[in-house]
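Chemist: If you read the protein sequences in the order shown, they are chains C and L. Taken in order, the first sequence gives residues 1 to 330; the numbers are from my numbering. Taken in order, the second sequence gives residues 1 to 433; the numbers are from my numbering.
Since the hints were derived computationally from the structure, they do not count as laboratory data. Each hint should be verified, as a subset may be incorrect.
As the list claims (entries may be wrong) - Derived contacts from chain L toward chain C, CB cut-off under 7 angstroms, selection only:
no., residue
1, D308
2, K325
3, A330
4, A374
5, A392
6, R396
7, Q402
8, S407
9, T411
10, P414
11, E415
12, L429
13, G430
Unchecked claim - Derived coverage of chain C by chain L (criterion: at least 3 residues anywhere in the stretch with Cβ under 8 angstroms from a Cβ of chain L; other residues may be distant):
no., stretch
14, 172-181
15, 196-208
16, 227-238
Even for Gly, the Cβ is constructed at its ideal location relative to N, Cα and C.
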Amino acid sequence: MKNTRSVVQGLMLCVCLVASFAAVAEEQSIVVDSNGDYVFTYEGYRGWQKVKWVPATKINPAVKGIIRPVTGKSDNLSYNYTVRNGKDSRQFLVGMRLSASNVLSADPRKPEGWVGHATLDRAAGSGFIVGWFFRRSGGPWEAGLKPGAAVSGIGLDSKDLPGVDKVALWGASPSGQSFPDEGPNEGPFRDELLRILDNDFVTRLAAVPRIAVPSPFDAAVVLTGLQKHIKTDMTSLQLIDPTLLSLIDRGLSQAIAAVQGGNTPSLLHEIKNLRQLLKQEHAEVDKDDEGDRNDDDKEKQTKPRIDKLAARVLNFDLKYVEKRVKGDKD
Amino acid sequence: MLRLFARLFLVDGKNRWAVSFVALSTAFGLVSPAFAFVDSPGVSSPDGRSFSVNVHEFAIYCPQSWSVSIGFDCSSGIYAVLRASTKSAYPSDDGTILCFGVPGTVCPAGVRIVTGLPPNNPNPSSAVVWIELYNSSQEFWGFGGDDVTGPMTIALVPCPPGQVRNPVTDQCEGSYTIKLENPATPATAGALAEVEPGKSVALVAQVYNEMNEKVPGISVTLQSRVTAYSGGHQHDDTIRHTQHAGAAPATVASGNSFSFTAPALAGDHTITAQCADNSCGTDTGKVWVGIRGLVNIPSSGFWNLYGDTGIHPAGHYLTGDALGKLMDLALLYKQVYFPLNTPVLQLNDASLERGGLFDIDFEGRPTFWAPPHAEHQRGVVIDIQANGSATAIPDRNFPDFQDLLTSLGMTWWPEYLNQSGGHYHVRLLGIAQ
């Protein structure tokens with residue numbers, strides 16, 4: 001069903017693109033052919049060009065994450081991902097990239113045949129970009145994770161708690177594709193073409209390091225970061241219903257006030273209430289791995305007011321704070 | 001400061017005028033006037049400045065406020081019209097009548113025909129002035145002539161009451177002063193303003209009286225000029241000065257804000273403001289157009305720089321963040337992923353030292369100063385060689401290099417890979433600028 005919807009959306013996008021640019025400049029066009037490849041027709045400084053571009057988006061991947069304490073360092077967390085390339089994918093999956101608020105090593109875990117690195121996110125001004133890709137050099141460009149296959153062993157360690165974010169994944173498009181010039185002349189058509197090329201990947205939601213954990217531990221800082229993440233990121237991703245957002249936001253404000261007032265019992269009470277709220281939406285919110293998203297929805301008569309992955313991540317973070325507060329008290 | 005010289009015009013127009021002179025002389029039975037135009041060099045003006053006249057016309061190159069005074073004997077009833085053209089070529093049909101004698105009157109010897117060049121002369125350093133002669137019926141008699149004699153002088157017109165001549169500008173000025181001001185940002189390093197290419201800055205031309213009080217509403221003329229060879233461009237032509245210079249309005253009321261709009265090119269601009277009624281002097285302000293904070297890519301064992309040219313001798317500038325990303329890329333490429341049998345990255349154009357449009361000499365382009373060299377304007381883009389040469393990224397590495405770029409959050413545009421000039425156009429911060 002999801003795939004059918006994607007195809008329909010894709011076709012609509014094609015129609016819209018052709019229609020909109022027919023209006024801007026009749027001759028310039030972006031057409032998606034029957035193979036899902038782009039045909040760009042444009043006017044550049046060397047005259048009119050027609051360029052075929054095979055995108056790296058002919059994949060239908062899934063990402064599962066498991067987060068556990070790093071062995072021997074209970075305060076730090078180990079993020080481990082399993083990436084599956086859907087059976088209906090038409091390309092090998094060759095790369096994945098995510099943004100993390102913190103990583104403990106520039107050399108993240110990677111499976112055999114893959115490489116990975118973490119670098120400062122200089123464009124954002126904070127955090128890190130962590131990327132992995134399958135080494136193809138010297139071999140056929142058609143390599144990597146074949147359709148229907150899965151790979152685990154992709155991972156990183158972080159001191160920060162998870163939030164929900166989009167991760168980018170891309171397939172093995174032919175290397176060496178190129179343009180005969182610098183592209184279309186300046187204008188909306190060029191902007192649209194760049195938007196396609198600059199987003200030559202697909203995205204999936206996953207749990208990634210996002211909520212800063214200060215040292216020494218400060219529950220108020222963590223809860224404030226969590227509150228901000230829910231109100232901004234989760235809301236913009238449309239992962240939470242406004243009515244539930246309001247309830248959770250109020251509960252977090254009360255929990256933060258309890259911390260600032262030194263009232264640990266009240267803090268633990270608020271956390272318990274918040275976790276109960278999440279459990280009402282997703283009964284298996286305490287389950288260890290992320291699982292298929294919203295796969296227990298069938299049992300519910302009403303649609304959950306929060307995405308399952310988002311609920312599990314929030315529950316994990318609240319449980320972590322609870323543990324650290326109790327541990328610190330102990 | 002005042003430069004005068006004469007030149008002989010040998011153009012078709014003159015020949016036609018000469019024919020007319022003969023025909024009219026015959027028709028009206030005119031005799032040659034008893035005076036002759038001075039036809040010898042070295043005539044001195046009362047203030048000691050000199051000029052020369054050659055045959056019929058003369059060209060004057062002088063500041064626009066200077067005046068020409070011609071004295072001659074009009075006793076024959078011939079009177080003179082002094083025309084001036086803002087065009088530097090003769091003949092011109094936009095000559096302005098600057099002084100017109102009265103038909104039938106006898107001009108006393110030594111009469112002064114006084115004129116100044118047009119106040120809004122678009123080319124104030126150059127003008128052509130010539131004499132046309134008419135009979136008392138206002139019929140054209142001729143112009144100039146070797147047989148015209150009489151004194152010719154050049155002199156300054158006295159300033160109007162209440163004004164004095166500024167010895168620097170040669171302008172008659174009142175006692176007001178004018179100041180170009182930047183209300184938003186304090187001037188830095190002697191500049192009136194800084195603005196990024198393509199953007200605007202609001203400025204004010206403020207007139208003050210003797211009490212240093214603001215005088216609103218006086219019409220102020222503005223002029224903006226771009227400094228040749230500025231902004232990292234070691235090339236220059238009139239196209240830059242006429243089509244790609246910063247823009248300011250021609251006039252603005254004192255105290256009112258006006259906008260200076262920078263061109264897409266980095267460079268230095270000078271704005272000059274003066275009161276249209278000469279009630280004040282002039283003020284000039286420098287406007288620095290460019291991107292601040294760009295740094296030159298240093299030499300490194302992880303890359304090689306190439307591509308600087310005589311016209312753009314410094315084209316490897318980046319922001320600090322972009323340079324950091326470049327280091328990440330180069331380190332991973334050469335040290336981690338391809339430590340053996342692979343040349344270091346060959347880095348071509350990034351941005352000019354002050355950013356802005358990076359115009360290059362593509363084939364078939366009529367001029368500089370315009371795209372394409374898409375992006376490359378804010379220090380976040382660089383071209384990396386991939387042209388099939390021994391130093392370039394080998395095509396066997398293309399898949400991993402492209403995946404490396406994507407995994408680092410960069411975006412890229414492959415241009416004629418493995419062909420002459422082929423390269424990856426890499427947006428180091430994922431931003432197309």
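Chemist: Should the interface hint for L:K325 be scored as holding, given a Cβ-Cβ cut-off of 7 angstroms against chain C?
Modeler: Hint on L:K325: holds, closest Cβ of chain C at ~5 angstroms, below 7 angstroms.
Chemist: Double-check L:E415 for me: the hint is only fine if its C-beta lies closer than 7 angstroms to a C-beta in chain C.
Modeler: L:E415 check passes; min Cβ-Cβ to chain C is 6 angstroms, inside 7 angstroms.
Chemist: For the hint on L:R396, just tell me whether its beta-carbon gets within less than 7 angstroms of chain C.
Modeler: Hint on L:R396: holds, closest Cβ of chain C at ~5 angstroms, below 7 angstroms.
Chemist: When the nearest CB of chain C is found for L:G430, is that gap smaller than 7 angstroms?
Modeler: At about 6 angstroms, which falls below the 7 angstroms cut-off, the nearest Cβ of chain C leaves the hint on L:G430 intact, so it holds.
Chemist: Does L:D308 pass the interface check with chain C, least Cβ-Cβ distance below 7 angstroms?
Modeler: At about 20 angstroms, which exceeds the 7 angstroms cut-off, the nearest Cβ of chain C leaves the hint on L:D308 violated.
Chemist: Are L:S407 and chain C close enough, Cβ to Cβ, to be under 7 angstroms, as the hint says?
Modeler: holds, 3 angstroms
Chemist: Against chain C, is L:Q402 within 7 angstroms by beta-carbon distance?
Modeler: holds, 6 angstroms
Chemist: Are L:P414 and chain C close enough, Cβ to Cβ, to be under 7 angstroms, as the hint says?
Modeler: holds, 4 angstroms
Chemist: Between the stretch 172-181 of chain C and chain L, are there enough contacts, at least three residues with CB-CB distance under 8 angstroms, for the coverage claim to hold?
Modeler: holds (count 8)
Chemist: Given a cut of 7 angstroms on the nearest C-beta pair, is the interface hint for L:A330 held or broken against chain C?
Modeler: It is violated, given that the least Cβ distance between L:A330 and chain C is near 12 angstroms, above 7 angstroms.
Chemist: At a threshold of 7 angstroms, is the proposed contact between L:A374 and chain C supported by beta-carbon distances?
Modeler: Since the shortest Cβ distance to chain C is 4 angstroms, the answer is holds.
Chemist: Does L:L429 pass the interface hint, meaning its C-beta sits closer than 7 angstroms to a C-beta of chain C?
Modeler: Holds, about 4 angstroms.
Against the hints set out earlier in the document, violations occur for numbers 1, 3, 5 and 16.
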